[in-house]
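J.: Position 580, counted from 1, in the sequence shown is what the UniProt record's numbering calls 580; the numbers after and before it change by one each time, with no gaps.
Simulated from the structure, these hints should not be mistaken for lab results.
Not one of these hints is a red herring.
Pairs of lysine-lysine, DSSO-like flavour, derived with a Cα cap of 27 Å:
#1 Lys172 x Lys91
#2 Lys333 x Lys378
#3 Lys862 x Lys844
#4 Lys333 x Lys267
#5 Lys218 x Lys267
#6 Lys228 x Lys333
#7 Lys172 x Lys228
#8 Lys866 x Lys823
#9 Lys798 x Lys890
#10 Lys333 x Lys319
#11 Lys378 x Lys267
#12 Lys419 x Lys378
#13 Lys577 x Lys689
#14 Lys689 x Lys414
#15 Lys414 x Lys378
#16 Lys817 x Lys893
#17 Lys577 x Lys617
#18 Lys419 x Lys333
#19 Lys414 x Lys333
#20 Lys617 x Lys689
#21 Lys719 x Lys729
#22 Lys319 x Lys267
#23 Lys844 x Lys866
#24 Lys267 x Lys228
#25 Lys823 x Lys862
#26 Lys319 x Lys414
#27 Lys280 x Lys333
#28 Lys817 x Lys871
#29 Lys280 x Lys267
#30 Lys228 x Lys218
#31 Lys871 x Lys823
#32 Lys378 x Lys280
#33 Lys172 x Lys218
#34 Lys737 x Lys719
#35 Lys890 x Lys817
#36 Lys419 x Lys319
#37 Lys319 x Lys218
#38 Lys719 x Lys732
#39 Lys280 x Lys228
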Amino acid sequence: MDSRSINLRGFAGNAGKNIMQGIGGFVFGNERSESKEDSYVERFLDRISNGTIPDDRRSAMTELQSLVAESRSAQMSFGAMGFPVLLNVLKEDREDVELVRGALETFVSALTPIETSQGPKTEVQPASVNSDLLSRETENISLLLSLLSEEDFYVRYYTIQLLTALLTNSLKRLQEAILLIPRGITVLMDMLMDREVIRNEALLLLTYLTRDAEEIQKIVVFEGVFEKIFSIIREEGYSDGGVVVQDCLELLNNLIRHNASNQMLLKETIGFDPLIAILKIRRGSAFNFTQQKTVNLLGALDTVDLLLMGGGSSGEPGKDANKATNQTALAQKNILDHLLLLGVESQWAPVALRCMALRCIGNLVLRNPQNLDSLASKQVGEEPHVQPALSAIFSIILRTSVAQEFVAADYVFKCFCEKNPSGQALLASTIAPHPNQQHATFGAASDMPFGSILLQALVSSDDNGDMEACCRASSVLSHIIKDNLQCKDRVLQIQLETPAPSLGRTEPLLHRIVTCLSIAASAEGENGQSSQLEDSYIQPVILRLLIFWLVDCANAVDCLLESAVHLNYMIELASSKRYSACVRGLAAVVLGACVLYNASREKGRDAFAVADAISQKIGLSTYFLRFDELRRSFTHSSSGQHQRKQLSRSSANSMSDFQEIEEQEINKGDQHPVLSEIFDFHFVSFLSKLETDIRDNIMDIFSRTKTATAIIPAELEQKNGEVDGEYIKRLKSFVEKQCNEMQDLLARNAMLAEELVRTGGGNNADSSQRPSSGRERVQIEALRQELEGTTRRLELLKAENTQIEAEASNQRNLAAKLESDLKSLSDAYNSLEQANFRLDAEVKALRQGGGGAPYPDVEAIKAEAKEEAEKESEAELNDLLVCLGQEQSKVEKLSARLAELGEDVDALLQGIGDDAALPDDDDDEEDEDDE
Numbered sequence: 001m002d003s004r005s006i007n008l009r010g011f012a013g014n015a016g017k018n019i020m021q022g023i024g025g026f027v028f029g030n031e032r033s034e035s036k037e038d039s040y041v042e043r044f045l046d047r048i049s050n051g052t053i054p055d056d057r058r059s060a061m062t063e064l065q066s067l068v069a070e071s072r073s074a075q076m077s078f079g080a081m082g083f084p085v086l087l088n089v090l091k092e093d094r095e096d097v098e099l100v101r102g103a104l105e106t107f108v109s110a111l112t113p114i115e116t117s118q119g120p121k122t123e124v125q126p127a128s129v130n131s132d133l134l135s136r137e138t139e140n141i142s143l144l145l146s147l148l149s150e151e152d153f154y155v156r157y158y159t160i161q162l163l164t165a166l167l168t169n170s171l172k173r174l175q176e177a178i179l180l181i182p183r184g185i186t187v188l189m190d191m192l193m194d195r196e197v198i199r200n201e202a203l204l205l206l207t208y209l210t211r212d213a214e215e216i217q218k219i220v221v222f223e224g225v226f227e228k229i230f231s232i233i234r235e236e237g238y239s240d241g242g243v244v245v246q247d248c249l250e251l252l253n254n255l256i257r258h259n260a261s262n263q264m265l266l267k268e269t270i271g272f273d274p275l276i277a278i279l280k281i282r283r284g285s286a287f288n289f290t291q292q293k294t295v296n297l298l299g300a301l302d303t304v305d306l307l308l309m310g311g312g313s314s315g316e317p318g319k320d321a322n323k324a325t326n327q328t329a330l331a332q333k334n335i336l337d338h339l340l341l342l343g344v345e346s347q348w349a350p351v352a353l354r355c356m357a358l359r360c361i362g363n364l365v366l367r368n369p370q371n372l373d374s375l376a377s378k379q380v381g382e383e384p385h386v387q388p389a390l391s392a393i394f395s396i397i398l399r400t401s402v403a404q405e406f407v408a409a410d411y412v413f414k415c416f417c418e419k420n421p422s423g424q425a426l427l428a429s430t431i432a433p434h435p436n437q438q439h440a441t442f443g444a445a446s447d448m449p450f451g452s453i454l455l456q457a458l459v460s461s462d463d464n465g466d467m468e469a470c471c472r473a474s475s476v477l478s479h480i481i482k483d484n485l486q487c488k489d490r491v492l493q494i495q496l497e498t499p500a501p502s503l504g505r506t507e508p509l510l511h512r513i514v515t516c517l518s519i520a521a522s523a524e525g526e527n528g529q530s531s532q533l534e535d536s537y538i539q540p541v542i543l544r545l546l547i548f549w550l551v552d553c554a555n556a557v558d559c560l561l562e563s564a565v566h567l568n569y570m571i572e573l574a575s576s577k578r579y580s581a582c583v584r585g586l587a588a589v590v591l592g593a594c595v596l597y598n599a600s601r602e603k604g605r606d607a608f609a610v611a612d613a614i615s616q617k618i619g620l621s622t623y624f625l626r627f628d629e630l631r632r633s634f635t636h637s638s639s640g641q642h643q644r645k646q647l648s649r650s651s652a653n654s655m656s657d658f659q660e661i662e663e664q665e666i667n668k669g670d671q672h673p674v675l676s677e678i679f680d681f682h683f684v685s686f687l688s689k690l691e692t693d694i695r696d697n698i699m700d701i702f703s704r705t706k707t708a709t710a711i712i713p714a715e716l717e718q719k720n721g722e723v724d725g726e727y728i729k730r731l732k733s734f735v736e737k738q739c740n741e742m743q744d745l746l747a748r749n750a751m752l753a754e755e756l757v758r759t760g761g762g763n764n765a766d767s768s769q770r771p772s773s774g775r776e777r778v779q780i781e782a783l784r785q786e787l788e789g790t791t792r793r794l795e796l797l798k799a800e801n802t803q804i805e806a807e808a809s810n811q812r813n814l815a816a817k818l819e820s821d822l823k824s825l826s827d828a829y830n831s832l833e834q835a836n837f838r839l840d841a842e843v844k845a846l847r848q849g850g851g852g853a854p855y856p857d858v859e860a861i862k863a864e865a866k867e868e869a870e871k872e873s874e875a876e877l878n879d880l881l882v883c884l885g886q887e888q889s890k891v892e893k894l895s896a897r898l899a900e901l902g903e904d905v906d907a908l909l910q911g912i913g914d915d916a917a918l919p920d921d922d923d924d925e926e927d928e929d930d931e
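Just need the whole structure built from these sequences, with the hints factored in.
T.: Pasting the structure below:
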């Protein structure tokens, strides 16, 4: 045996046993399989590894491939022993093309799952383990990529298939490995220019690779994938093409999903014209919608929808700007006409296609003034059956039997009315009774204005079908009046004839809607549909309209409470167990809005009266529990929601028929799918905020009394013969007693309301920050008033303190002036002493130089002058000491007052008079002693 065979045997023996058997043994057990397939696999591998005859090696490879493709046990054994052998073939035997083909095909078979009815469902798939094993080393992936440059067609084809199989089971690991290999993505991109079969496989491979891989997406886009994608779509025939067009669109959507930069690059390099070309269909092509064409059009609409979403994550700075730019660019390509043709005019198109087109229309006009105006003025249909686009979309809402299509068409009105008060006013202005309304039908209402059709649907309540129309019209009307007080008041003024027109009376539209709500409830009760109440969406949608109408609109609240029947009916909805938790909770919100936005002062219709009715007929604890039930029902609904699946080969068939999906969802027993779509996150957040305001308002109502006093007590009247002083004293005593009782009642009332709020909604985030009881709240209020009084007294003391400080400052200035005068007097005295000293010196000089000449008695003169000076000085000092004594008494009084006010007297007096000291006095006295 030659050295080559020995090396192969050593490679297979050592590497296979140490690496592959270790991992295979960990997954499948350490016991060696003695099955026939295992021995066959080992024998074939030995022939491939150690054989010297090429034909025998090729034959062994063929037999090994067939065995691995049919037996899971063989897949296990091959994973444990065969990988090193075949990888060595791919490295060392490139010149034997047939052997390389067989090795690649064997790898593909080993990575392809084999379905079997035997064994548990949780059993580990050998194909998955083999994929993990092969993708573990980056060197293996690099080896496979190098095979793509081989000239043989089947070598490249099986290599692409092998990489695709690896991606199916080990996506993340293969993505990371290809990023580490130089020019790895470039090699795959070159396959798009290969023969058609390899190109299609390369498309599928790139589709897997680009899922949620931003770095790979950047490289692929840099390599010019957009041009190649649309070139292939054009060659395949746009939407009439086969599954290749679907793969191209799926790859395109992977590249632009949540990626604003790639969307911008697509717009600037290729533009949106090729995308628009895919959406072009001929009018009247009723029988051209094959399943594949439908899927292709859905993929193109998915691309449009991704562009209209703007890319990027929620709240990203450039997302809104990119979204607006895409809206404008697509509108300039007249995409609205194609979307209307698909979603509105082509009623023979598949329902999934119509729904997707309607959603794209909504996203196209959302908060875009130009596109909103374009949709408002757009006409659809052919002469003579032409009607406004919005009227046609509303007709779809009324006549469709598919809930998903109703939701999609309703979404158009939601987007049209959001942040568009002028559009809301335009639609509201058309709402008025039509002369022929009593005899018109929905199918023949194309000549009626939009508002008249809407009004006709709202007031229809003859049978259950009409209640469905009333419900859907209510949903549209809720978008028209939402956050628009002018539209609410305008619609509130609409008067309708009563069901008995012979009486000549009219009623507001709001009253008729409440009547329709009660009819819907009674119709369901009579039909015995108690098991389906959880699925019904008619009452919740109408209640949502009432909530939007009542919020911030006191006139609507007053109109609703004009009839006590309406209040009693809402109380019944909120309290009766016959209705679903959603209906009871929404009815509780309506009642809360009647309290929160009630501006009436009329007895029996004010906020106090509504709150009293809730307390007496429902009970506050039960009432607040309705909010918790509503929150739980929405939580259950949102947890059951799932986002729209990304369009792929696996999900294409499931999107073709929404009716089947809808029936399956309803049969599950969960909430109706319409509720899951219409009661979205924004509406739930709106209700949460409204619930908090309602709780606080009701608690405040039960914590205070009414301003009016109905009965004047007899104790307030003056008795006969009672003196005014005694009468006033008795009145004061009565008022004090009443105040104490009122405070006690308020404390107990507030404590009760507080406990009820906590019982009904203990999950509020701010409940821990509130006082623990109503009595404590009253005590806090009393302390607050006391604090205000103390604050006022403190301000007065501060003003008095300021005045005293000013007076003290004046006294300090006066003391400083007196000290200055004293210093001047001391200076004069010093000058006199100096003059006296000079005269003494002169006398002595005269005595020494004058001989016996007579001279005056200088000592006598000096003594006399000194005596006179001392008398004058003493008199002035006495006067000064008197003044200083007076000032000292004033300073002592001021110091005492400052001490009472809390001022530091020593600190204020410190340093005063230091610079006014008399340092020369001691020197003068010393001079006199010397003399």
